[in-house]
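Using the sequences plus the hints, can you model the full thing?
Okay, here's what each chain looks like letter by letter:
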Amino acid sequence: GQSLEQPSEVTAVEGAIVQINCTYQTSGFYGLSWYQQHDGGAPTFLSYNALDGLEETGRFSSFLSRSDSYGYLLLQELQMKDSASYFCAVRDDKIIFGKGTRLHILP
Amino acid sequence: NAGVTQTPKFQVLKTGQSMTLQCAQDMNHEYMSWYRQDPGMGLRLIHYSVGAGITDQGEVPNGYNVSRSTTEDFPLRLLSAAPSQTSVYFCASSFDSLGKLFFGSGTQLSVL
Numbered sequence: 001g002q003s004l005e006q007p008s009e010v011t012a013v014e015g016a017i018v019q020i021n022c023t024y025q026t027s028g029f030y031g032l033s034w035y036q037q038h039d040g041g042a043p044t045f046l047s048y049n050a051l052d053g054l055e056e057t058g059r060f061s062s063f064l065s066r067s068d069s070y071g072y073l074l075l076q077e078l079q080m081k082d083s084a085s086y087f088c089a090v091r092d093d094k095i096i097f098g099k100g101t102r103l104h105i106l107p
Numbered sequence: 001n002a003g004v005t006q007t008p009k010f011q012v013l014k015t016g017q018s019m020t021l022q023c024a025q026d027m028n029h030e031y032m033s034w035y036r037q038d039p040g041m042g043l044r045l046i047h048y049s050v051g052a053g054i055t056d057q058g059e060v061p062n063g064y065n066v067s068r069s070t071t072e073d074f075p076l077r078l079l080s081a082a083p084s085q086t087s088v089y090f091c092a093s094s095f096d097s098l099g100k101l102f103f104g105s106g107t108q109l110s111v112l
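Which chain is which? The protein sequence lines are A and B, in order.
Under the working numbering, the first residue of the first sequence carries the number 1, and numbering increases by one thereafter.
Under the working numbering, the first residue of the second sequence carries the number 1, and numbering increases by one thereafter.
Honestly, the hints are just simulated from the structure, not real lab data.
Treat the hints with care, since some could be wrong.
As the list claims (entries may be wrong) - Straight line, CA to CA, 16 Å or less: simulated EDC-like cross-link-like pairs of lysine to aspartate or glutamate:
1) K99/A with E9/A
2) K100/B with D93/A
3) K94/A with E30/B
4) K99/A with E59/B
5) K94/A with D56/B
6) K99/A with D39/A
7) K99/A with D38/B
Below, the structure is given as structure tokens:
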């Protein structure tokens with residue numbers, strides 16, 4: 001089976017940096033993805049890591065360590081609009097999501 | 001391109017009724033899937049398809065049927081609705097195995 005663990009909530013200050021961790025267990029593995037979901041909206045794709053290391057896309061970066069079955073999403077220069085839920089997801093023959101991390105940003 | 005189109009956006013059913021949630025994509029994606037989202041439970045996979053004529057069960061398939069007769073369409077059928085199926089349903093598709101899913105706007109379903 002597959003399982004993913006991520007914190008249920010994280011709080012950070014506007015302008016700061018926050019890291020959201022994700023650990024996974026899966027029988028097969030093609031890669032780790034991250035999605036953002038604002039209240040009332042649909043999830044939107046942020047990033048994908050198939051190989052170990054850091055991927056950077058603007059203010060967002062994502063890291064993967066396949067040997068540790070671990071990844072994280074790093075958000076820099078936090079803005080109020082980043083307040084949302086963030087989901088990690090793993091792909092083998094299907095895509096399974098974690099339960100999500102609610103990010104609260106304080107002014 | 002419209003992307004992934006889900007209908008209806010809202011639906012209220014009585015226990016025991018059946019209905020079909022429609023999902024269509026115009027991106028020629030091979031992979032399509034249905035998720036339900038409940039508070040605190042994240043997105044749970046109901047059924048998925050890796051191509052026309054091929055479907056498989058996800059994490060929570062009971063009470064739901066799917067078919068994939070064309071690349072574009074992937075309807076989800078509730079055979080006999082139960083209050084436990086009250087949820088927000090998302091259809092999603094992907095071109096390849098890179099895990100970039102495109103989501104529809106969702107269907108809010110209430111079963112009374």
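To see whether the hints hold, each was checked on the structure:
no.: 1; hint: K99/A with E9/A; verdict: holds, 11 Å
no.: 2; hint: K100/B with D93/A; verdict: holds, 13 Å
no.: 3; hint: K94/A with E30/B; verdict: holds, 12 Å
no.: 4; hint: K99/A with E59/B; verdict: holds, 13 Å
no.: 5; hint: K94/A with D56/B; verdict: holds, 9 Å
no.: 6; hint: K99/A with D39/A; verdict: holds, 15 Å
no.: 7; hint: K99/A with D38/B; verdict: holds, 10 Å
In this structure, every one of the numbered hints holds.
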